[in-house]
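**Q** Quick note, the sequences are listed as chains E and H, same order. Take the first sequence: its position 257, counting from 1, is numbered 257 in our numbering, and each next residue is one higher. Take the second sequence: its position 155, counting from 1, is numbered 155 in our numbering, and each next residue is one higher.
There may be inaccurate statements among the hints.
In silico EDC-like links for lysine to aspartate or glutamate, alpha-carbon gap of 20 Å or less [stated by the list, open to error]: (1) E:LYS75 to H:GLU101; (2) E:LYS273 to H:GLU192; (3) E:LYS210 to E:ASP351; (4) E:LYS169 to H:GLU101.
FYI, nobody ran anything at the bench for these hints, they're computed from the structure.
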Amino acid sequence: MASVTFDKATRLYPGSTRAAVDQIDLEVADGEFLVLVGPSGCGKSTTLRMLAGLEEVNDGRILIGDRDVTDVPPKDRDIAMVFQNYALYPHMTVAENMGFALKIAGVNKEERAARVLEAAKLLDLEPYLSRKPKALSGGQRQRVAMGRAIVRQPQVFLMDEPLSNLDAKLRVQTRTQIASLQRRLGVTTVYVTHDQTEALTMGDRIAVLKDGVLQQVGTPRDLYEAPKNVFVAGFIGSPAMNLFDADIVDGGLKFGTATAKVDRDTLGATSAKKVTIGVRPEDVKVATSGQGLPVEVDVVEELGADGYLYGHTEIDGNRVDIVARVDGRNHPNAGDKVVITPEPNHIHAFDSESGERLNKKAVVAS
Amino acid sequence: MSGSLNITAATVDPGLLDLPWALPLELWPEETIAALPKGISRHVVRFVNLSGYVVAIKETSAELAKREYDMLRTLQRLDIPCVDPVAVITNRTSATGEPLESVLVTRHLRFSLPYRAIYSQSLRPETATRLVDALAVLLVRLHVVGFFWGDVSLSNTLFRRDAGAFAAYLVDAETGQLYDGLSNGQRENDLEIARVNIAGELLDLQAGGRLDEDIDPVAISDGIVEKYRSLWKELTGTEVFDSSERWRINQRVERLNELGFDIEELAIRTDETGTQVRIQPKVVDAGHHSRRLLRLTGLDAQENQARRLLNDLDAYRLAFDKQDVDEEVVAHEWTARVFEPVIRAIPKELRGKLEPAEIFHQLLEHRWYLSQDSGRDVPLAEAMTSYIDTVLRHRRDEATIINPPTGTFTAPVDVLDDEDDWRSKV
């Protein structure tokens, strides 16, 4: 096992003026599960493919452990692309299905048997080793496919949107399985997804990319509570954080007819008259009257105990959509006019020009 | 059926509309189904008879279906041998309004065979090597246009007989990506995927007792690497030679023609002193012989079949001393006097056995053996009678063999019934 280092790694496609991946500096610790996340076209898959050796690195280096692999062919990098459409062969036993790639690689029989057994134990497949795949359930078959990657004992696992073809139910199941298996194996893993929920639930740390530039790396909590900029704030969390511009007034920020309290340090970090304010839906208080930001309710989505209110308001003549978490039963209805205020000290503030975070401290969600 | 069913297609076969779209594929009634695919596939796939042809219908997400449809159309435009995308159908709902998965409809390639339908008892070494060679050619062609396959395997390929060899067609483009050009790493990765998958597929045949004892699955699968590399080098490699050796330009063109490729664009550079020449093919097109045959005779054939037919055309020209006559005129004569009578002589009920050009190739082979055995030149008509009665009549129909579509399955999986051995159906 080994760490992974991106050292100012850059990928510039021929004929393009903008780098698809721009000087990425990223350290993945030995045994860590790192998720690369971002919207489509952000460079996350390109970053993974650079590590896999499928994309040229035009500038900078990539290291696996202490070894510079920048110019090493994919099959010599000691990595495994998991879920790369692994086929299961119907006439071969589970053990043969898991071990045949080792046979091709010239690993001897005893060693093969030992590695297959070890992987089967980890995957709870030991009782099925001599069975044919047909006799297995869908989930067990998937574990056999994982077993094919595990027996190779690679230094790093790479996974590129492995769950994108699955239906919603199987996706959630497999997500949990992959995460727990990775922890049991302790193999350094780099995982690409566009789905921030997947990122938050699976990764030890998450790297957020946009336009080929690394925006922030941190634990799910870091990203949720202290997003480094407006982009990360809006991307991480579902439903997304409410973000709009607010005037700086005496004692805080203008929030409709109310003043939202923001600590002095935060607003001291800017000399502008406005900032971008960020409030998570769970940090919004909804009232039928009083001081605050007036919001017209468009729809309320009931999810059992909780619900989400989707509405809109107008700020400086512009329509702004608002989301607030509400009680699943006692909540306003579509067409109602309500007033919202933020929970005190649950406000993220960003420079409205640069988008950079102004808060010094994390904002712990309610 | 839902009123809002959404069909994307270049031309819609009305028969497509009559299919039971409000049912999941698994539950389609037997009468609509041409045959039940054996085994287990990543998605549920079914084959259905439409007006005079068979289509494969694959259930998948709307996004993947559209993506694969567009990808196959793009590959077709790039002249890549692949299955023909017919339609994408989205917005399916059941009778009770439950949403159903979208489908991709592709047209079955007539006379194409899954690799597991190519042998009767067990796969022989020569056949295995030919399949791997055909796949290597397909992979090179895909890489030349910038297509990274990601799931290269015998299962994801269909094969058409090609005068003793095979021509490979891409079936599954789901994992593929088209780039402006591929990096060496991408090509190497596809090649490694191919090597491992082929070995797996052959080991599976071995485990099922369907592989000739003489075959070493690992050695055969390694074969794709060498075949691929030599072809890639020939198609894309740079050659440097002394400017006095300019005949080497023609030699390169001829070598590529012999391999079945035409050079559309060749970069030729000389160094500053003018003593060295550097050449590199920039654009190559497959189908050198097929194109020539098509131009001369209007016949559409695979590359090696075309080569065979062209050889016979040349022999005809020589035999009747027509070297001075315009090539097009002789070709027209040969088609009318030699090729067409042969094809017309095939009894109607045997026409589904093999493609016409393949029959012609086999007939020439048959005549050669007959002549050798009898020590005289056997006329074509005599050979034809013998070929029809002793060979063709005893072959299976290969026009619409669809089973088994794949010998492997990928997680996650949907299971279909597979009680019958597919071999009972071919």
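**Q** Could you grab the alpha-carbon distance between LYS169 of chain E and GLU101 of chain H and see if it respects the 20 Å cut-off?
**A** Status holds; Cα separation ~15 Å.
**Q** Within a Cα-Cα threshold of 20 Å, do LYS75 of chain E and GLU101 of chain H meet the stated pairing?
**A** Violated. LYS75 of chain E to GLU101 of chain H sits at ~36 Å, over the 20 Å cutoff.
**Q** Does the structure keep LYS273 of chain E and GLU192 of chain H at a Cα separation of 20 Å or less?
**A** violated, 59 Å
**Q** Run the distance test for LYS210 of chain E versus ASP351 of chain E: straight-line Cα separation, threshold 20 Å.
**A** Distance ~18 Å between LYS210 of chain E and ASP351 of chain E Cα, so the pair holds.
The structure shown violates the earlier hints numbered 1, 2.
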